[in-house]
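Just need the whole structure built from these sequences, with the hints factored in.
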Amino acid sequence: MSNDPVNKQREAATPFRGGETDSMGIKKDSRPEHSPYASQVCAVYFQGNGPLHIPHALLHQSVELASRSAATGCFSSSSRDLHLNDIDYNTGHVLIHFMATGRYQCLKPQGETIMISYASEFTTALRVYAAAQSFQLPSLRDLARREIIALGDRLSLPSLVDIMEESSLSLSTLPGIAAYVESRILAFAENITYPTSEKVLSEIGTPNTLSMVLLKTILLLQTSKVSLRDDSLRKEELVEILRGLSDTGPIVKGKASDVDRVMKEAEEQAAKRAEETAAKEAEKAAAAVVAVAQRIAEAQATEAEAANEEEEIACLLAKKARRGKLVKKDRERLSALEHNATKRAKAKTALALSAPAADEVDLSEPSFTFPTLDGE
Numbered sequence: 001m002s003n004d005p006v007n008k009q010r011e012a013a014t015p016f017r018g019g020e021t022d023s024m025g026i027k028k029d030s031r032p033e034h035s036p037y038a039s040q041v042c043a044v045y046f047q048g049n050g051p052l053h054i055p056h057a058l059l060h061q062s063v064e065l066a067s068r069s070a071a072t073g074c075f076s077s078s079s080r081d082l083h084l085n086d087i088d089y090n091t092g093h094v095l096i097h098f099m100a101t102g103r104y105q106c107l108k109p110q111g112e113t114i115m116i117s118y119a120s121e122f123t124t125a126l127r128v129y130a131a132a133q134s135f136q137l138p139s140l141r142d143l144a145r146r147e148i149i150a151l152g153d154r155l156s157l158p159s160l161v162d163i164m165e166e167s168s169l170s171l172s173t174l175p176g177i178a179a180y181v182e183s184r185i186l187a188f189a190e191n192i193t194y195p196t197s198e199k200v201l202s203e204i205g206t207p208n209t210l211s212m213v214l215l216k217t218i219l220l221l222q223t224s225k226v227s228l229r230d231d232s233l234r235k236e237e238l239v240e241i242l243r244g245l246s247d248t249g250p251i252v253k254g255k256a257s258d259v260d261r262v263m264k265e266a267e268e269q270a271a272k273r274a275e276e277t278a279a280k281e282a283e284k285a286a287a288a289v290v291a292v293a294q295r296i297a298e299a300q301a302t303e304a305e306a307a308n309e310e311e312e313i314a315c316l317l318a319k320k321a322r323r324g325k326l327v328k329k330d331r332e333r334l335s336a337l338e339h340n341a342t343k344r345a346k347a348k349t350a351l352a353l354s355a356p357a358a359d360e361v362d363l364s365e366p367s368f369t370f371p372t373l374d375g376e
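All residue numbers in the sequence shown are consecutive under UniProt numbering, ending with 376.
Each hint should be verified, as a subset may be incorrect.
To be verified - The calculated lysine-lysine pairs, modelled on DSBU-like cross-linking and capped at a C-alpha distance of 30 Å, are: (1) Lys348 <-> Lys319; (2) Lys199 <-> Lys216; (3) Lys319 <-> Lys329; (4) Lys343 <-> Lys328.
Claimed, not checked - Restraint ranges, calculated between C-beta atoms of paired labels, are given here: (5) Ser35 <-> Ile218: 53 to 59 Å; (6) Ala345 <-> Asp86: 53 to 59 Å; (7) Ser35 <-> Lys264: 21 to 27 Å; (8) Lys346 <-> Glu64: 51 to 57 Å.
By construction, these hints were calculated from the structure, which means they are not laboratory data.
Beta carbons are placed, not taken as given, at the ideal position from N, Cα and C, and that holds for glycine.
Following this line, the structure appears as structure tokens:
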């Protein structure tokens, strides 16, 4: 196997690896009791392309994929097909290969130049990263992160920005990707020199997107602060600060691990925020349940009290009918009970008048739509 950092196939903790040693030194056998290759084979289509075939059991590495297959009746029907219309074919190959082998492998890119090939593989790595996060496959996401760093640092900054622009990825849901792009831009801006700025500005030319306009603006602002004496920097120093901006420049030693750490920290912070949000939502939901229960209990108590008072009114009226009149204490009690009954009747009438009539409710647009499981 090649030692090239951009090698397409890297080892990972395979789903069915032979055994691992725990903290007590006892070797645990993690091999499956039943072969996943004996399960039904699923034909997976990616945006209509394919199919790629994989044993049903291997799909259970992802709860999301397993639920999609169950929702579409993939394994209860004769067709046994699964359509992932939100994943392209190249990304699908990496996904299927990983679930079968635990390794990252992309298809050989088609490109006239090495830089076009790098750009193609980088785009695939971005999509694999997003898919791995969506399908809750953290090991695949780790492998995709390494590919992003290794391939991305071989691309020029304008090429990187172009690819991000065309990918249409939601960076708000992919904090690791956002952290990588930020680290590239900040590193370049902090270490900019006149020659490197001229080179990148020449590559940008006339900006055709807002992102390129902003990048060019940053370059111009930073270049204005750079003295012409930077031209005298030694060649070795210039290579170090380029950080992969040249067409074939290698990754600067030690930088890849720093970027990997930054991306991981962004992912961990996002996961922590998600957990905190979920906890707050759960707390709100629990409080809402308690509030509803309290309102129900109060309503039931009010209804019970009203029923008791109505029964007492009936008893007092019957008593009055038998005796012809009531003693002062009973008269005062009857008056108070009838006053309460009148108040309840008025409140009930007001509530009925404030509620919209059934024929006035717009039924053409439901207030809630159940989401589809496949995100289409």
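Now the hints, each set against the structure:
{"no.": "1", "hint": "Lys348 <-> Lys319", "result": "holds (29 Å)"}
{"no.": "2", "hint": "Lys199 <-> Lys216", "result": "holds (12 Å)"}
{"no.": "3", "hint": "Lys319 <-> Lys329", "result": "holds (13 Å)"}
{"no.": "4", "hint": "Lys343 <-> Lys328", "result": "holds (23 Å)"}
{"no.": "5", "hint": "Ser35 <-> Ile218: 53 to 59 Å", "result": "holds (55 Å)"}
{"no.": "6", "hint": "Ala345 <-> Asp86: 53 to 59 Å", "result": "holds (57 Å)"}
{"no.": "7", "hint": "Ser35 <-> Lys264: 21 to 27 Å", "result": "violated (34 Å)"}
{"no.": "8", "hint": "Lys346 <-> Glu64: 51 to 57 Å", "result": "holds (55 Å)"}
Going down the numbered hints, you'll see the structure goes against just number 7.
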